[in-house]
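Chemist: Here's the letter readout for the chains.
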Amino acid sequence: MAIKLSQLAERTGCRMNGSDCLIENVADIHHAEQGQLAFVYNPKYLDAINLSKASAIIIKEEWLSKCNKPALISDNPRLAFAKVASMLNPTVNPHSGVLKTACIADDVTIPDSVSIAENVVICTGVKLGKNVVISAGVVISENVAIENNVYIHPNVSVGKGSKIGHNCNIYSGVVIGADGFGYVRDGDSYLKVPQLGNVTIGSNVDIGANTTIDRGALLDTIIHDGVKLDNQIQVAHNVEIGENTVISACAAIGGSAKIGKNCLIGGAVGIRDNVEITDNVVITGRTFVTSSIKESGSYSSSMLLDRTKNWKKNVIRLKHLDDMAKRLKVLENKVCKSNPGSD
Amino acid sequence: MAIKLSQLAERTGCRMNGSDCLIENVADIHHAEQGQLAFVYNPKYLDAINLSKASAIIIKEEWLSKCNKPALISDNPRLAFAKVASMLNPTVNPHSGVLKTACIADDVTIPDSVSIAENVVICTGVKLGKNVVISAGVVISENVAIENNVYIHPNVSVGKGSKIGHNCNIYSGVVIGADGFGYVRDGDSYLKVPQLGNVTIGSNVDIGANTTIDRGALLDTIIHDGVKLDNQIQVAHNVEIGENTVISACAAIGGSAKIGKNCLIGGAVGIRDNVEITDNVVITGRTFVTSSIKESGSYSSSMLLDRTKNWKKNVIRLKHLDDMAKRLKVLENKVCKSNPGSD
Amino acid sequence: MAIKLSQLAERTGCRMNGSDCLIENVADIHHAEQGQLAFVYNPKYLDAINLSKASAIIIKEEWLSKCNKPALISDNPRLAFAKVASMLNPTVNPHSGVLKTACIADDVTIPDSVSIAENVVICTGVKLGKNVVISAGVVISENVAIENNVYIHPNVSVGKGSKIGHNCNIYSGVVIGADGFGYVRDGDSYLKVPQLGNVTIGSNVDIGANTTIDRGALLDTIIHDGVKLDNQIQVAHNVEIGENTVISACAAIGGSAKIGKNCLIGGAVGIRDNVEITDNVVITGRTFVTSSIKESGSYSSSMLLDRTKNWKKNVIRLKHLDDMAKRLKVLENKVCKSNPGSD
Numbered sequence: 000m001a002i003k004l005s006q007l008a009e010r011t012g013c014r015m016n017g018s019d020c021l022i023e024n025v026a027d028i029h030h031a032e033q034g035q036l037a038f039v040y041n042p043k044y045l046d047a048i049n050l051s052k053a054s055a056i057i058i059k060e061e062w063l064s065k066c067n068k069p070a071l072i073s074d075n076p077r078l079a080f081a082k083v084a085s086m087l088n089p090t091v092n093p094h095s096g097v098l099k100t101a102c103i104a105d106d107v108t109i110p111d112s113v114s115i116a117e118n119v120v121i122c123t124g125v126k127l128g129k130n131v132v133i134s135a136g137v138v139i140s141e142n143v144a145i146e147n148n149v150y151i152h153p154n155v156s157v158g159k160g161s162k163i164g165h166n167c168n169i170y171s172g173v174v175i176g177a178d179g180f181g182y183v184r185d186g187d188s189y190l191k192v193p194q195l196g197n198v199t200i201g202s203n204v205d206i207g208a209n210t211t212i213d214r215g216a217l218l219d220t221i222i223h224d225g226v227k228l229d230n231q232i233q234v235a236h237n238v239e240i241g242e243n244t245v246i247s248a249c250a251a252i253g254g255s256a257k258i259g260k261n262c263l264i265g266g267a268v269g270i271r272d273n274v275e276i277t278d279n280v281v282i283t284g285r286t287f288v289t290s291s292i293k294e295s296g297s298y299s300s301s302m303l304l305d306r307t308k309n310w311k312k313n314v315i316r317l318k319h320l321d322d323m324a325k326r327l328k329v330l331e332n333k334v335c336k337s338n339p340g341s342d
Numbered sequence: 000m001a002i003k004l005s006q007l008a009e010r011t012g013c014r015m016n017g018s019d020c021l022i023e024n025v026a027d028i029h030h031a032e033q034g035q036l037a038f039v040y041n042p043k044y045l046d047a048i049n050l051s052k053a054s055a056i057i058i059k060e061e062w063l064s065k066c067n068k069p070a071l072i073s074d075n076p077r078l079a080f081a082k083v084a085s086m087l088n089p090t091v092n093p094h095s096g097v098l099k100t101a102c103i104a105d106d107v108t109i110p111d112s113v114s115i116a117e118n119v120v121i122c123t124g125v126k127l128g129k130n131v132v133i134s135a136g137v138v139i140s141e142n143v144a145i146e147n148n149v150y151i152h153p154n155v156s157v158g159k160g161s162k163i164g165h166n167c168n169i170y171s172g173v174v175i176g177a178d179g180f181g182y183v184r185d186g187d188s189y190l191k192v193p194q195l196g197n198v199t200i201g202s203n204v205d206i207g208a209n210t211t212i213d214r215g216a217l218l219d220t221i222i223h224d225g226v227k228l229d230n231q232i233q234v235a236h237n238v239e240i241g242e243n244t245v246i247s248a249c250a251a252i253g254g255s256a257k258i259g260k261n262c263l264i265g266g267a268v269g270i271r272d273n274v275e276i277t278d279n280v281v282i283t284g285r286t287f288v289t290s291s292i293k294e295s296g297s298y299s300s301s302m303l304l305d306r307t308k309n310w311k312k313n314v315i316r317l318k319h320l321d322d323m324a325k326r327l328k329v330l331e332n333k334v335c336k337s338n339p340g341s342d
Numbered sequence: 000m001a002i003k004l005s006q007l008a009e010r011t012g013c014r015m016n017g018s019d020c021l022i023e024n025v026a027d028i029h030h031a032e033q034g035q036l037a038f039v040y041n042p043k044y045l046d047a048i049n050l051s052k053a054s055a056i057i058i059k060e061e062w063l064s065k066c067n068k069p070a071l072i073s074d075n076p077r078l079a080f081a082k083v084a085s086m087l088n089p090t091v092n093p094h095s096g097v098l099k100t101a102c103i104a105d106d107v108t109i110p111d112s113v114s115i116a117e118n119v120v121i122c123t124g125v126k127l128g129k130n131v132v133i134s135a136g137v138v139i140s141e142n143v144a145i146e147n148n149v150y151i152h153p154n155v156s157v158g159k160g161s162k163i164g165h166n167c168n169i170y171s172g173v174v175i176g177a178d179g180f181g182y183v184r185d186g187d188s189y190l191k192v193p194q195l196g197n198v199t200i201g202s203n204v205d206i207g208a209n210t211t212i213d214r215g216a217l218l219d220t221i222i223h224d225g226v227k228l229d230n231q232i233q234v235a236h237n238v239e240i241g242e243n244t245v246i247s248a249c250a251a252i253g254g255s256a257k258i259g260k261n262c263l264i265g266g267a268v269g270i271r272d273n274v275e276i277t278d279n280v281v282i283t284g285r286t287f288v289t290s291s292i293k294e295s296g297s298y299s300s301s302m303l304l305d306r307t308k309n310w311k312k313n314v315i316r317l318k319h320l321d322d323m324a325k326r327l328k329v330l331e332n333k334v335c336k337s338n339p340g341s342d
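Chains as they are written, first to last, in numbering that gives the first Met the number 0: chain A, 0 to 342; chain B, 0 to 342; chain C, 0 to 342.
Just so you know, the hints here were simulated from the structure itself, not pulled from any lab data. Computed from a predicted model, the values in this text were never measured in an experiment. There could be a bad hint or two in this list.
Identical copies go unnamed one by one, so any copy, or any two together, can satisfy a pair.
Derived pair list, reagent style BS3-like, types lysine-lysine, alpha-carbon separation capped at 30 angstroms [to be verified]:
{"hint": "1", "residue 1": "K293", "residue 2": "K260"}
{"hint": "2", "residue 1": "K333", "residue 2": "K308"}
{"hint": "3", "residue 1": "K191", "residue 2": "K159"}
{"hint": "4", "residue 1": "K260", "residue 2": "K191"}
{"hint": "5", "residue 1": "K162", "residue 2": "K191"}
{"hint": "6", "residue 1": "K65", "residue 2": "K3"}
{"hint": "7", "residue 1": "K318", "residue 2": "K328"}
{"hint": "8", "residue 1": "K3", "residue 2": "K43"}
{"hint": "9", "residue 1": "K191", "residue 2": "K3"}
{"hint": "10", "residue 1": "K126", "residue 2": "K99"}
{"hint": "11", "residue 1": "K159", "residue 2": "K68"}
{"hint": "12", "residue 1": "K311", "residue 2": "K328"}
{"hint": "13", "residue 1": "K257", "residue 2": "K59"}
{"hint": "14", "residue 1": "K162", "residue 2": "K260"}
{"hint": "15", "residue 1": "K126", "residue 2": "K162"}
{"hint": "16", "residue 1": "K52", "residue 2": "K68"}
{"hint": "17", "residue 1": "K52", "residue 2": "K312"}
{"hint": "18", "residue 1": "K43", "residue 2": "K68"}
{"hint": "19", "residue 1": "K3", "residue 2": "K68"}
{"hint": "20", "residue 1": "K43", "residue 2": "K308"}
{"hint": "21", "residue 1": "K308", "residue 2": "K318"}
{"hint": "22", "residue 1": "K159", "residue 2": "K257"}
With the hints as extra help, turn the sequences into a complete structure.
Modeler: Right, here's the structure in full:
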């Protein structure tokens, strides 16, 4: 596929500067070849433009004097680049149809536009929308409902009764709808609490590889429209994640936690069960959310990196910090008493 | 399925209060409909009883005056609820039998009560107990032994020689018996140490989605009876987990760690390799267990959440805490010397 | 298999002490039986030698007086043991050939020495080297290239265009080549950035169960020769991991992080995106690498375990550490002023 720069400008709402040319694909500015389009979002890369073999650059208006090539001018070069990259690399679904090694329950209707790959298992009561792609080795259990344009990658397991909205991408190894982790102590051992809720996933949701989303205990676990989940995230039972919230890899979200809309949650963040987080909250990487967050803003709790030698000296003192604080208070009282006028 | 409230009382050892009625299922008190049974375990939800459409409530004796509905009276409403929920929602195994897409080694005997789903692979030497359910896409390698009433969900991988006791539930994406992570430096690179042990899992063990349990190096990795493991837990080689210990999601347990009985281990806890933890230990969420625990009790090591702005000011000081402690000591000496009588 | 002790000595470059004997396998010193070979790498286990039923011991020269059995003498008993264990327990590949339930694209050539198990899916354009083993349920997408002697365990998913070098072991549930996590805010929601790079894995790389390695955005994610990755590690897009670096379980590596050669990275370590770590760096367990590391050495940032009761008192003070530091400075100034000569 190749598109004229002028057409890309028109389709992305950018202004074109310089002569028109044919763009075959996007590329990193340092590795671009002729026929490729690169972008600069940070002025420190402006010097790379002259050295680049790219045929054109996406750039901000204010940097145009540094650019000796045809350009697309955008206030948000990263966004313009993403749009161009999508145009030049559209998702191509596999041929529609059902491969003969797929096992599909008799009562399931497969729309003509759907693609079902090798060894897929689809159980009774499943509903599939249009243009759904189900890749090899995926198991869709009873009564799952999947809307249009959902792409499920290989070896995903979707538990019974789960609902998946439009335009979702579900990557390999994801497990949706395993039982929530609910037990009650019963004498010497534990009794499992039946997990009777389901998982409800909205539209435009992406779920990264090996992420797990448990079914609810009585009510559903709910992932709202536009949520993006990275790899290896754990979403416990009855969690609710608000619209357009983005969560980076390896986050662990405890049972019944409620996360608001438009939050940005960093990698390996932990969220304690039953915590509530309001809208528009940023949580930096590796933070442990130990209490509810009622005001939007940025929150943290990780430690900073240090040489092990220094870290050892400091971290051991942490176990005596309360003692230090009390001793400091005692000293302040003494010094104030003896130097009343020196403040 | 519907059961009379009086029968549920009898079967759970609760006392019934008020008139009998037919109970179709359990529900959350805020969403219950007629014919459903809800429970209250916390007095803050007592006011919800009047508003609830539930036909009956499980409640403590002391709260009975707040309840205008038929009730089951229990000292432990949560436990009674779990029992009732199990009665009304018994696990229903798929039909027994072997689907024709399953691949089963010639020497394996499949009991009549066993259910083997689509695309299951069972290798030579495998032994299966009664009422075992093996879901679609599961791979059981050579010489695995599985006892009665084990339910294995889709896309699980069980490595050769693993032993699984009675009444276990193994959720999707679990990997049992991958090689432990053992290497020895050999010049510029690393030599793999053959992992010759197996994984031994007791009875009544649950293993959550995408959890991994490695085989031992020379001896076995051992999960004792009644252990409950949540999702995405990592159990390294030669770990031993004692009876009825419960571990929440995303815990990472290092090689040869020994965890006692009846422990409660929170989410995303890390346990350093070779650490020993005695019985009846509670470890709060996100703690890193850096040394052995010889006395039962509760242990922690995480940080508290803060505004990023405040956190930045404080966390940088942590790198100088040892210096602060020394300066505090110097000051104390000075002030004591100059104010010897003021203490 | 059984090998004479003298032959093992010759093949491992150890010196034999005492009489020759036939060794059937290796074992733990406390559990060894006759015909087995154990090792001692720590003098605290020397007393176990007399009690052991092992037929021979691998030991350091300096401890020989404590050993009443035939011995292999090595400066590095652990390495010698690993070598012997490998000789006595060679990896045995399944029979070569393609099982009839495998689904292989018409254009793929399968070398005679390759073993393809049940329900394997191999898509168009895939290249396979010699002695490759692909276990049940594995899905290899379009245009993947796999070199000689690669062993892929059950239920692995390899995304299109991935390259895997010689002698790699890839354990169950691994996902290679899922899309990187790249989005750009576009008004109220997020636009996905197409992930156009691949994953390139060198030779002698091991990848533990349920680990995920994302494809690059424009350029490739690169794992160099000799890297060993434990279970449940997350490797984001455009990460580069240098030769012979070893990473323990549950580490989370952010996008575009560059890790040097010969690093040792502990369990559950987090590495922030875009961070660079030089060669020969040790990072202790549970550390969060918040900034680049330019000098080799050991780095840390975790907290130490404490009783929850003590931890609560101390951790709350952490939120006021900056205030404490300022008050300490004020006190120092006061005391110095009032006791100028006492230092």
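Chemist: Compare the structure with each hint and give your call.
Modeler: Evaluation of the provided hints:
no.: 1; hint: K293 to K260; in the structure: within (13 angstroms within a copy, 38 angstroms between copies)
no.: 2; hint: K333 to K308; in the structure: between (35 angstroms within a copy, 29 angstroms between copies)
no.: 3; hint: K191 to K159; in the structure: both (19 angstroms within a copy, 29 angstroms between copies)
no.: 4; hint: K260 to K191; in the structure: between (32 angstroms within a copy, 18 angstroms between copies)
no.: 5; hint: K162 to K191; in the structure: both (24 angstroms within a copy, 22 angstroms between copies)
no.: 6; hint: K65 to K3; in the structure: within (23 angstroms within a copy, 74 angstroms between copies)
no.: 7; hint: K318 to K328; in the structure: both (18 angstroms within a copy, 16 angstroms between copies)
no.: 8; hint: K3 to K43; in the structure: within (28 angstroms within a copy, 65 angstroms between copies)
no.: 9; hint: K191 to K3; in the structure: between (61 angstroms within a copy, 22 angstroms between copies)
no.: 10; hint: K126 to K99; in the structure: both (19 angstroms within a copy, 24 angstroms between copies)
no.: 11; hint: K159 to K68; in the structure: neither (55 angstroms within a copy, 33 angstroms between copies)
no.: 12; hint: K311 to K328; in the structure: both (26 angstroms within a copy, 19 angstroms between copies)
no.: 13; hint: K257 to K59; in the structure: between (39 angstroms within a copy, 29 angstroms between copies)
no.: 14; hint: K162 to K260; in the structure: within (20 angstroms within a copy, 39 angstroms between copies)
no.: 15; hint: K126 to K162; in the structure: within (9 angstroms within a copy, 36 angstroms between copies)
no.: 16; hint: K52 to K68; in the structure: within (10 angstroms within a copy, 70 angstroms between copies)
no.: 17; hint: K52 to K312; in the structure: neither (52 angstroms within a copy, 45 angstroms between copies)
no.: 18; hint: K43 to K68; in the structure: within (17 angstroms within a copy, 68 angstroms between copies)
no.: 19; hint: K3 to K68; in the structure: within (15 angstroms within a copy, 73 angstroms between copies)
no.: 20; hint: K43 to K308; in the structure: between (35 angstroms within a copy, 27 angstroms between copies)
no.: 21; hint: K308 to K318; in the structure: both (17 angstroms within a copy, 11 angstroms between copies)
no.: 22; hint: K159 to K257; in the structure: within (23 angstroms within a copy, 36 angstroms between copies)
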